[in-house]
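A.B. asks: So you can see what is in the structure, the chains are spelled out below.
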Amino acid sequence: MRAVWCCTTAGCTSMTNHDADDMMPPVQPPRSPGLPLPRFDTPLVPRNSISGRALVAVVAIMTFLASLTTGAVILVSGAASEWQADVSREITIQVIPAPNRNVDDIVTKATAVARPFRGISEVRAYTKEESAKLLEPWLGSGLSLDTLPVPRLIVLKMSSNPAPDLPQLRKLLAEQAPGATLDDHRGWIERMRAMTATAIAAGIGILILMIAATVLSVTFATRGAMATNKIVIEVLHFVGAKNGFIAGHFQRHFLLLGLQGGAIGGGGAVLLFALAGLLSRWFSGTASGDQTAAMFGSFSIGMTGYIAVVCQVVLIAVVTAWTSRQTVNRTLEAMD
Amino acid sequence: MVRFENVGLRYGIGPEVLRDLTFRIEPHSFQFLTGPSGAGKTSLLRLLFLSLKPTRGLITQFGHDVATLSRDAVATLRRRIGIVFQDFRLLDHMSLYENVALPLRVMGRPEESYRDEVIELLKWVDLGERMWALPPVLSGGEKQRAAIARAVIARPQLLLADEPTGNVDPTLAQRLLRLFIELNKSGTSVVIATHDIALMDQYDARRLVLHDGRLHIYD
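From first to last, the protein sequence lines are chains A and B.
Counting the first sequence from 1 gives a position; the numbering used here is that position plus 3.
For the second sequence, counting from 1, position 171 maps to 169 in the numbering used here; every step adds exactly one.
Chain A with its partners taken away, still in its complex shape:
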């Protein structure tokens, strides 16, 4: 059945220019060939609204901060593990000078004991000059070790497999190189392990707070953006759209806004880490550069870091989309 306004295939008449009697049959001229056909191109949920842009900005800023926190936790955790691994891979033989003790001789004997020992991959005895260099930051240059009872060090690198039998090594040293003592840095490693665990736990705590703050601020920003779309929800509802249809449109729209903001924030954080890495390589060799590198490593957050940033971006986008869906459902429930 044709509608009252669809009178012929040629067109129809106007309600305002004719009396009721001449509304049918129609006298509509054919469509002007010069005019383009109208198209339904506009998305149902308005794009580029001020509230939408503000939401993208909030998401971008919060993702940036959360990604920085994640990266910092990964860097500190990586650097701490590296310090711990470096220290625990090394043990030291110390020869303390004493009256009537030939330090050089003991160093030679201790080196001879350690070198063939099973589980020791590298043996390096520090010379007098190298020992003086180690003390240089505290005692200044031009130091003569002969006047000071400075212990001589032999640094042993352990292989991971097989692990060396340290009590046996200690026993051999006592027998063949009296005066040489073995320090396996156990106390230092324990302190390092505790410090590392504390640093990582604090970092994870800060990260959890940061993610919670991000989720909350994104949730409220999304609700704010949704408030301006209430009329769209109402109109769609009144023209017969099902709740799932309306919620789906808003969810898709806000998922895209969340991804857009997240990509800006997460991308910014990744760029910042890349820049810091470049700068750290640039300043490598200088005193401050080496100190920073010792503290934070190479500033590379690695694949784990990139995956964590991507996960955060996705999480924040999903939170944005989910909040919009919840808000639509609440609005529709209030209407019915």
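Please note: incorrect hints may appear among the correct ones.
Claimed, not checked - List time: in silico DSS-like cross-link candidates among lysine-lysine, alpha-carbon distance up to 27 Å:
(1) A:Lys233 / B:Lys51
(2) A:Lys131 / A:Lys112
(3) A:Lys174 / A:Lys233
(4) B:Lys51 / A:Lys245
(5) A:Lys174 / A:Lys112
(6) A:Lys174 / A:Lys160
It is worth saying that the hints were derived from the structure and are not from the lab.
Remember, predicted model here, so these are calculated numbers, not experimental data.
Given the structure of chain A, go ahead and fit chain B onto it with the hints provided.
C.D. replies: Using the frame of chain A, we list chain B on its own:
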């Protein structure tokens, strides 16, 4: 088509705003709904539009007891009803063409199947030259006609209009009434809520008069 039996409505714990409404709206019928301000006209329209549920009584629409319908079923049923709001409720970010085509888009129809129909309707309400315009640049009368076009584009079986002539001059009010009469002649049942006595006097139709929450019917 629509049957109310002893319907009552109250908001929260307040007094009943509608009491013991019993009436029918028959297919192809035309009626004015009138009464003083605050009498409950908009509430009754909302009950008819399924956006409110009665506190008591039975409402049957198109053969369905509305109290037993799911949300999706209500949405589907609502597609058989067109509504014209007093404040138009056009979407400002969409062109007039898109606003009018919205109910058909929501139904999932492809644009090729409804484009000509929408253009013809816009021409019929004398908005053919304005179909690319956005609502904020339209006059009150143009918005009103666009809102009516959107309400009727899906060829509803029941058309509800809340003060459709409230924002227009008498000449345009007469033209809008003519539009509603034409739609009624094509088979749509029409309910027009209005205060406009002059408008009602122009067409001899059934009058539903609300007073103190009760309905008086003048056939």
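A.B. asks: The structure should be examined with respect to each hint, and the outcome stated for every one.
C.D. replies: Status of the hints after comparison with the structure:
no., hint, verdict
1, A:Lys233 / B:Lys51, "holds, 21 Å"
2, A:Lys131 / A:Lys112, "holds, 16 Å"
3, A:Lys174 / A:Lys233, "violated, 82 Å"
4, B:Lys51 / A:Lys245, "holds, 18 Å"
5, A:Lys174 / A:Lys112, "holds, 14 Å"
6, A:Lys174 / A:Lys160, "holds, 19 Å"
Going through the hint list in order, the structure does not satisfy hint 3, though it satisfies all others.
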